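Participant: One-letter residues, chain by chain:
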Amino acid sequence: AQTVTQSQPEMSVQEAETVTLSCTYDTSESNYYLFWYKQPPSRQMILVIRQEAYKQQNATENRFSVNFQKAAKSFSLKISDSQLGDTAMYFCAFILRGAGSYQLTFGKGTKLSVIP
Amino acid sequence: NAGVMQNPRHLVRRRGQEARLRCSPMKGHSHVYWYRQLPEEGLKFMVYLQKENIIDESGMPKERFSAEFPKEGPSILRIQQVVRGDSAAYFCASSRTGTGATNEKLFFGSGTQLSVL
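Line by line, the protein sequences give chains A and B.
With the first sequence counted from 1, adding 28 to any position gets you the working numbering.
With the second sequence counted from 1, adding 207 to any position gets you the working numbering.
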């Protein structure tokens, strides 16, 4: 069974600063996908970024980037130039490639507060 | 193009009542997933359905919970004889195909918050 661990229940960052959210996972498989989802107070789950495990290059999406360390089973999210709208819960998630269904495994989340 | 629509947004039930949660997937999507989010927890997979078929219900509690996705109409998650421990946010998600393929995306609704008194 796969597990996802987010060790930081809460974090805060000053507006315009950079923050890194941590995620580790455990699997014996080598082919999988990793995700970061954002859940603002509206409760909507929004995909922030996605990483394929077979790609060595770290994924980036505008101000969001990841540091994917496959050997260490680590998948951290860096948010640059933090904005007030980034305030939300952030969930790290995992799925086996070719799983046959979108059965994501989520971590417990990190609550990020951006301070003006 | 409307996203995944869930209703109601909030549902209050007394212990022993039935709860029915509805989910209309995105247009063109025939694969539906239900997830449950307990307080202070991440989302946990419950069930995966295609039209008229349950594909994977490995995350569903064995009793009181059922799900369907009929040929016409929304997907329904049904909880019979609710208990306080059922209080949670229930999320529906949909995709065009059912796999975690490279270009596939999963779209979530805004969830239904079930409160059991």
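None of these hints come from the bench; they were simulated from the model.
One should not assume that every hint holds.
[Claimed, not checked] Distance windows between CB atoms, simulated:
| # | chain 1 | residue 1 | chain 2 | residue 2 | range |
| --- | --- | --- | --- | --- | --- |
| 1 | A | Ala29 | B | Thr304 | 21 to 29 Å |
| 2 | A | Glu43 | B | Val290 | 21 to 29 Å |
| 3 | B | Gln287 | A | Thr88 | 40 to 48 Å |
| 4 | A | Glu43 | B | Glu279 | 44 to 52 Å |
| 5 | B | Ser237 | A | Thr55 | 48 to 56 Å |
| 6 | A | Glu43 | B | Glu225 | 45 to 53 Å |
| 7 | B | Lys251 | A | Gln97 | 22 to 30 Å |
| 8 | A | Leu112 | B | Glu225 | 36 to 44 Å |
| 9 | A | Gln97 | B | Gln288 | 42 to 50 Å |
| 10 | A | Pro144 | B | Gly210 | 37 to 45 Å |
[To be verified] List time: in silico EDC-like cross-link candidates among lysine to aspartate or glutamate, alpha-carbon distance up to 20 Å:
| # | chain 1 | residue 1 | chain 2 | residue 2 |
| --- | --- | --- | --- | --- |
| 11 | A | Lys101 | A | Glu45 |
| 12 | A | Lys136 | B | Glu279 |
| 13 | A | Lys139 | B | Glu275 |
| 14 | B | Lys312 | A | Glu80 |
| 15 | B | Lys258 | B | Glu279 |
| 16 | A | Lys139 | A | Glu80 |
All values reported here derive from a predicted model rather than from experimental measurement.
Glycine included, every Cβ here is placed at the ideal spot set by N, Cα and C.
Participant: All hints are to be evaluated individually against the structure, with a verdict given for each.
Facilitator: Consistency of the hints with the structure:
no.: 1; hint: Ala29(A) / Thr304(B): 21 to 29 Å; in the structure: holds (25 Å)
no.: 2; hint: Glu43(A) / Val290(B): 21 to 29 Å; in the structure: violated (43 Å)
no.: 3; hint: Gln287(B) / Thr88(A): 40 to 48 Å; in the structure: holds (46 Å)
no.: 4; hint: Glu43(A) / Glu279(B): 44 to 52 Å; in the structure: holds (49 Å)
no.: 5; hint: Ser237(B) / Thr55(A): 48 to 56 Å; in the structure: violated (29 Å)
no.: 6; hint: Glu43(A) / Glu225(B): 45 to 53 Å; in the structure: holds (46 Å)
no.: 7; hint: Lys251(B) / Gln97(A): 22 to 30 Å; in the structure: holds (26 Å)
no.: 8; hint: Leu112(A) / Glu225(B): 36 to 44 Å; in the structure: holds (41 Å)
no.: 9; hint: Gln97(A) / Gln288(B): 42 to 50 Å; in the structure: holds (47 Å)
no.: 10; hint: Pro144(A) / Gly210(B): 37 to 45 Å; in the structure: violated (30 Å)
no.: 11; hint: Lys101(A) / Glu45(A); in the structure: violated (26 Å)
no.: 12; hint: Lys136(A) / Glu279(B); in the structure: violated (35 Å)
no.: 13; hint: Lys139(A) / Glu275(B); in the structure: violated (33 Å)
no.: 14; hint: Lys312(B) / Glu80(A); in the structure: holds (13 Å)
no.: 15; hint: Lys258(B) / Glu279(B); in the structure: holds (8 Å)
no.: 16; hint: Lys139(A) / Glu80(A); in the structure: violated (25 Å)
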